[in-house]
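So you can see what is in the structure, the chains are spelled out below.
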Amino acid sequence: MPGIILDGRKISAEIREELKERVRKLREKGIIPGLAGILVGEDPDSVTYIKLKEKGSTEAGIYSQIIKLPQDVTERKLFQEIKRLNSDAEIHGIFIQLPLPAHLNEGRVLSFIFPDKDVDGLHQVNIGRAWLGQPGFLPAASIAVHELLIRYGYNVKGKNVVIINVDNLFGKPLASILVQEKEGANVTLCHPSTPNLASYTRTADILVVSVNKPNFITADMVKKGVIVIDFGANYLEESSDRGKGKLVGDVDFEVVKEKVEAITPVPGGVGPMTVTMLLANTVTAAERQAGILVELINVSHYS
Amino acid sequence: MAKIIDGREIAAEIRGGLKPRTEKLKERGIIPGLAILLVGEHPGSLSYLREIEKGCDELGMYTDVVKLAQSVTQEKLERRIEELNQDNKFHGIIIQLPLPEHLDALRVGGTISPQKDVDGANPVNMGRLLLGEEAFVPSTAHGVHQLLIHSGNSPEGKHVVICGRSNIVGRPLMGILVQKQKDANATVTVCHTRTRDLPSITRQADILIVAIGRAEFITADMVKEGTIVIDVGVNQVEIPAGSGKFKLVGDVDFDAVKEKAGAITPVPGGVGPVTTAMLLTNVIKAAEVAADKIASRSLS
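Residue numbers (our numbering), protein chains in the order written: chain A, -9 to 293; chain B, 877 to 1176.
Here chain A stands alone, though its shape is the one from the complex:
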């Protein structure tokens, strides 16, 4: 019998309804949560993503502003834009649509953002806070996975969670959530190149994969009753759908789903939740800045 299909679209819709309520409460106090996105250049994928974020913001009642900068923008100019947004009281969250052109130093640019407005959770301070168990902001995809598990009633306490991905945007922040005492998971971070990978994946109670290789996880690599979270995105070339092939994840879904307790589909799993979690971070930022959630630490040294 196939496992439960974890419906990211359903959970996403549920969270967005809750966000509307939180936004309504903020608006009653005269606060309209504001999100600013910076787009450098005109990469078509980046344009698509940023439009999704803009649309999502509007639907949730969040004020949204897109700042478009030319491909050859200088770091100095970018810094000035960020500085302006940092001190703009109407903007509670700022994100930079990645990747940036090669002439810009991504880490340095991200560190220009005021940490309390860094709703993508990529400023070094927020990364540090996450590992130290302090309140801050975490990247959307990592909290999406955590939220999906919680909302389906899966507790990670005492579970072996194996994550195949060590990226700053996903694997590392997800590990930083799960190693906290209150979560209580045993976390293993694997590289896609980890020797004898199956020996790790087979021990997993919860397996999280994001390597962007179709059919990377096969049925013999998972134990019966595992929960599989697939955050891969691969376009198969054979079938054509709006210029791009069919979207699949990293898991051999049709076969693996017969063995699992639960599994995310691709599309319709973690993907639809990422924009939602960015919006959630923005609302949280607005609440914190409005003094509704006072928990952030002094940041005078972080500039």
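Check each hint, because a few of them may be wrong.
Said to hold, decoys possible - With a straight-line cut-off of 25 Å between C-alpha atoms, the simulated PhoX-like cross-links for lysine-lysine are: (1) B/Lys1034 x A/Lys213; (2) A/Lys41 x A/Lys67; (3) A/Lys236 x A/Lys41; (4) B/Lys1056 x A/Lys203; (5) A/Lys213 x B/Lys1100; (6) A/Lys203 x B/Lys1034.
Unchecked claim - Covered stretches of chain A, as calculated for chain B (at least 3 residues, CB under 8 Å): (7) 40 to 49; (8) 109 to 115; (9) 172 to 179; (10) 183 to 190.
What the hints assert, rightly or not - For each label pair, taking beta carbons as the anchor points, the in silico distance ranges come out as: (11) B/Lys952 x A/Gly20: 34 to 40 Å; (12) B/Gln950 x A/Ala280: 23 to 29 Å; (13) A/Lys58 x B/Glu1010: 30 to 36 Å; (14) B/Ser1076 x A/Glu8: 37 to 43 Å; (15) A/Glu7 x B/Glu977: 36 to 42 Å; (16) B/Arg1072 x A/Ala209: 21 to 27 Å; (17) B/Glu1010 x A/Asn145: 35 to 41 Å; (18) A/Asp33 x B/Glu917: 57 to 63 Å; (19) A/Ala209 x B/Glu977: 48 to 54 Å; (20) B/Lys952 x A/Asp78: 32 to 38 Å; (21) B/Glu917 x A/Lys213: 50 to 56 Å; (22) B/Gly1102 x A/Glu7: 51 to 57 Å; (23) A/Asn145 x B/Gly920: 34 to 40 Å.
I should point out that these hints are in silico values taken from the structure, not numbers from a laboratory. Just so you know, these numbers come straight off a predicted model, no measurement behind them. For glycine and all other residues, C-beta sits at the position ideal for the given N, C-alpha and C.
Dock chain B against the given chain A, drawing on the hints supplied.
Same frame as chain A, now just chain B:
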């Protein structure tokens, strides 16, 4: 039988490399300085503090212990740190943990200037570490990593199991070891004492790092043949019970595990001395960075 990894020898090697650096700084008129903040009485830390002071003396470094009363307020403590941030004598600042319960240790860490944060208590340094950037790493985690490298047990491509998820050992070590860098690139598992069926996990380890603060918790049946065992624990145990005589032991049942391990660190004489050496290294690094800044300013 396991090879015993001699932490004192490795620490001496690391310190040997520091000597020319402090001499060069001295030629430039700079004496690296470390401020150690102590809140209340710390009888348990005295031997560690003596080690630090001794190490600083040998290398011609300056060190000062700043004592504050057990009852100090958060505000006053932070103000004192702010003063030390501004004080040019000090290139490094550490706060001896634990702090009294009424103080917020994480917030205090965040007030240390990242440039002087030689024990990696500020989240900025943790973030930089995770991003693979230049960062000050907590000395114990840094020490364990150096111990592995210097003893010829590079974690590259290995399965490293870390028992204990503290902010000073487990978490930063995970951050160090998963980096896509030389002498890292490991597959890393972090578990803890309440992990279900812990032995099934520890037995998978090529390298087992234990930092849980429980005397002789890791027994021989919990490690596989040939594992490299790094014991971070320091526990005072009364032997025999009721005798009033205390002995230092680690988190690993050393005598039994050494028969099975490929290599193992003793307690004392393992991770401890290397930890101190890494702290001194960080203070010197902070002083060098500060010296370069002054030099570039006077040139322009």
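Task: Supplied distance hint 34 to 40 Å, evaluated on CB atoms of asparagine 145 of chain A and glycine 920 of chain B - done: holds, 36 Å
Task: Supplied distance hint 34 to 40 Å, evaluated on CB atoms of lysine 952 of chain B and glycine 20 of chain A - done: 37 Å Cβ-Cβ, so the 34 to 40 Å window holds.
- [ ] Take a look at whether the Cβ-Cβ distance between glutamate 7 of chain A and glutamate 977 of chain B falls inside 36 to 42 Å.
- [x] Since the Cβ atoms of glutamate 7 of chain A and glutamate 977 of chain B sit about 41 Å apart, the hinted range of 36 to 42 Å holds.
TODO: Hint says 21 to 27 Å; check whether the CB-CB distance for arginine 1072 of chain B and alanine 209 of chain A agrees.
DONE: Taking Cβ atoms as reference, arginine 1072 of chain B and alanine 209 of chain A lie about 25 Å apart, which means the hint holds.
- [ ] With respect to the beta-carbon atoms only, verify the hint that alanine 209 of chain A and glutamate 977 of chain B lie 48 to 54 Å apart.
- [x] holds, 51 Å
TODO: Just tell me: holds or violated, for the beta carbon distance of lysine 58 of chain A and glutamate 1010 of chain B against 30 to 36 Å?
DONE: holds, 33 Å
TODO: Could you say whether the range 51 to 57 Å given as a hint is met by the Cβ separation of glycine 1102 of chain B and glutamate 7 of chain A?
DONE: Holds - the Cβ-Cβ distance for glycine 1102 of chain B and glutamate 7 of chain A, about 55 Å, lies within 51 to 57 Å.
- [ ] Given the hint that lysine 213 of chain A pairs with lysine 1100 of chain B, test it: the Cα-Cα distance must not exceed 25 Å.
- [x] Given pair lysine 213 of chain A, lysine 1100 of chain B holds - Cα atoms ~23 Å apart, limit 25 Å.
Open item on the list: Against the 25 Å threshold, does the CA-CA distance of lysine 1034 of chain B and lysine 213 of chain A hold or violate the hint?
Closed with: holds, 23 Å
- [ ] Can you let me know if the beta-carbon spacing of glutamine 950 of chain B and alanine 280 of chain A is within 23 to 29 Å?
- [x] At roughly 24 Å between Cβ atoms, alanine 280 of chain A and glutamine 950 of chain B fall inside 23 to 29 Å, so the hint holds.
TODO: Take the stretch 40 to 49 of chain A, compare each residue's beta carbon with every beta carbon of chain B, and decide whether three or more fall closer than 8 Å.
DONE: Per the Cβ count (0), the hint is violated.
Open item on the list: Taking the Cβ atom of glutamate 917 of chain B and the Cβ atom of lysine 213 of chain A, is their distance within the range 50 to 56 Å?
Closed with: holds, 52 Å
The structure fails to meet hint 7 from the earlier list, while all remaining hints are met.
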